[in-house]
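K.L.:
Below are the chains, spelled out letter by letter.
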Amino acid sequence: NAGVTQTPKFRVLKTGQSMTLLCAQDMNHEYMYWYRQDPGMGLRLIHYSVGEGTTAKGEVPDGYNVSRLKKQNFLLGLESAAPSQTSVYFCASSYPRTGSATNYGYTFGSGTRLTVV
Amino acid sequence: GNSVTQMEGPVTLSEEAFLTINCTYTATGYPSLFWYVQYPGEGLQLLLKATKADDKGSNKGFEATYRKETTSFHLEKGSVQVSDSAVYFCALTGTGYSTLTFGKGTMLLVSP
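If you read the sequences in order, they're chains A and B.
Under this note's numbering, think of the first position of the first sequence as 279, with each following residue one higher.
Under this note's numbering, think of the first position of the second sequence as 27, with each following residue one higher.
What the hints contain is simulated information worked out from the structure, not anything from laboratory work.
Given the structure is predicted, the values throughout are model-derived calculations rather than measurements.
Treat the hints with caution; some may be incorrect.
Cut-off 27 Å, straight-line C-alpha distance, at most; resulting in silico cross-link-like pairs (DSSO-like, lysine-lysine) [claimed, not checked]:
| no. | chain 1 | residue 1 | chain 2 | residue 2 |
| --- | --- | --- | --- | --- |
| 1 | A | Lys292 | A | Lys349 |
| 2 | B | Lys86 | B | Lys130 |
| 3 | B | Lys130 | B | Lys103 |
| 4 | A | Lys287 | B | Lys130 |
| 5 | B | Lys130 | B | Lys82 |
| 6 | B | Lys130 | A | Lys335 |
For each label pair, taking beta carbons as the anchor points, the in silico distance ranges come out as [to be verified]:
| no. | chain 1 | residue 1 | chain 2 | residue 2 | range |
| --- | --- | --- | --- | --- | --- |
| 7 | A | Arg391 | B | Tyr56 | 44 to 50 Å |
| 8 | B | Ala43 | A | Lys349 | 41 to 47 Å |
| 9 | B | Val108 | A | Lys287 | 23 to 29 Å |
| 10 | B | Arg93 | A | Val395 | 43 to 49 Å |
| 11 | A | Ser358 | B | Glu42 | 19 to 25 Å |
| 12 | B | Gly35 | A | Ala280 | 16 to 22 Å |
| 13 | B | Leu135 | A | Thr364 | 22 to 28 Å |
| 14 | B | Arg93 | A | Gly331 | 36 to 42 Å |
| 15 | B | Thr52 | A | Pro339 | 38 to 44 Å |
| 16 | B | Ser29 | A | Asn343 | 35 to 41 Å |
| 17 | B | Ser29 | A | Asp340 | 18 to 24 Å |
| 18 | A | Thr332 | B | Tyr56 | 38 to 44 Å |
| 19 | A | Thr285 | B | Thr38 | 43 to 49 Å |
| 20 | B | Ser84 | A | Lys292 | 46 to 52 Å |
Ideal Cβ positions, reconstructed from N, Cα and C, are used throughout, including at glycine.
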């Protein structure tokens, strides 16, 4: 029962370097999300996807790009890392919310801790 | 837009004490409300939810009632355990949306 798997779990980058965070889910969920978690800020939505080949901006999209080439995968890219992007990144997935959302809820990965120096 | 306000922590309790973590929200229409829990070093897990006014969500001894008149969804537990120590997030999804808006989280520390 893998659920949502994020790789890598930890990474240290130098300012200006690029990297890609991978999220994979095996629950056949339509929707996938990338959040960042910072102390005192809670979780803030970076980008999300409502289906294969689609992406949309969230609350804090600047400096990030995403791709959803396959339904089960959602990639988050940092083209030129900055110290302000030091954070813990969480991926989540869900079914679409319909009606009363009785069965609606997110499944989260265990996070990627990224430090940009 | 939608927003969630939680009480600031940390909340420090002794084992078997009563817990309340306050959560109020701002949203248009009829949002669904959630509590998520994050244990140290882990991702968030859904604790409970309520999808319409006056619904009570419950799980593992935790409860929260959707109060539309006060726009609140306070989390309660009658007797906390050390194993309940975690960060608790209140969240909502607005009518017609699937993205969750989270509060800033409240850390709970329970001592033996």
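K.L.:
Taking 22 to 28 Å as the stated bounds, is the beta-carbon spacing between leucine 135 of chain B and threonine 364 of chain A within them?
P.N.:
Because 25 Å falls inside the window, the suggested range holds.
K.L.:
Below or equal to 27 Å on CA atoms is what counts here, so check lysine 130 of chain B against lysine 335 of chain A.
P.N.:
Judged against 27 Å, a Cα distance of about 20 Å means the pair holds.
K.L.:
Using the C-beta atoms of arginine 391 of chain A and tyrosine 56 of chain B, is the stated range 44 to 50 Å upheld?
P.N.:
37 Å, violated
K.L.:
For the range 23 to 29 Å, tell me whether the beta carbons of valine 108 of chain B and lysine 287 of chain A fit it or not.
P.N.:
26 Å, holds
K.L.:
Range first: 16 to 22 Å. Now tell me if the beta carbons of glycine 35 of chain B and alanine 280 of chain A are that far apart.
P.N.:
Taking Cβ atoms as reference, glycine 35 of chain B and alanine 280 of chain A lie about 32 Å apart, which means the hint is violated.
K.L.:
Within 38 to 44 Å: is that where the Cβ-Cβ distance between threonine 332 of chain A and tyrosine 56 of chain B falls?
P.N.:
26 Å, violated
K.L.:
Would the hint linking lysine 292 of chain A and lysine 349 of chain A be met if the CA-CA limit is 27 Å?
P.N.:
31 Å, violated
K.L.:
Per the hint of 46 to 52 Å, is the separation of the Cβ atoms of serine 84 of chain B and lysine 292 of chain A within bounds?
P.N.:
48 Å, holds
K.L.:
If you draw a straight line from the CA of lysine 130 of chain B to the CA of lysine 103 of chain B, is it 27 Å or shorter?
P.N.:
20 Å, holds
K.L.:
Could you check the hint for me, namely that arginine 93 of chain B and valine 395 of chain A are 43 to 49 Å apart, CB to CB?
P.N.:
46 Å, holds
K.L.:
Lying within 35 to 41 Å: is that true of the beta-carbon distance serine 29 of chain B to asparagine 343 of chain A?
P.N.:
At 27 Å between Cβs, range violated.
K.L.:
For the pair supplied as a hint, lysine 287 of chain A and lysine 130 of chain B, confirm whether the alpha-carbon distance does not exceed 27 Å.
P.N.:
23 Å, holds
Hint check: violations occur at hints 1, 7, 11, 12, 15, 16, 18 and 19; the rest are consistent with the structure.
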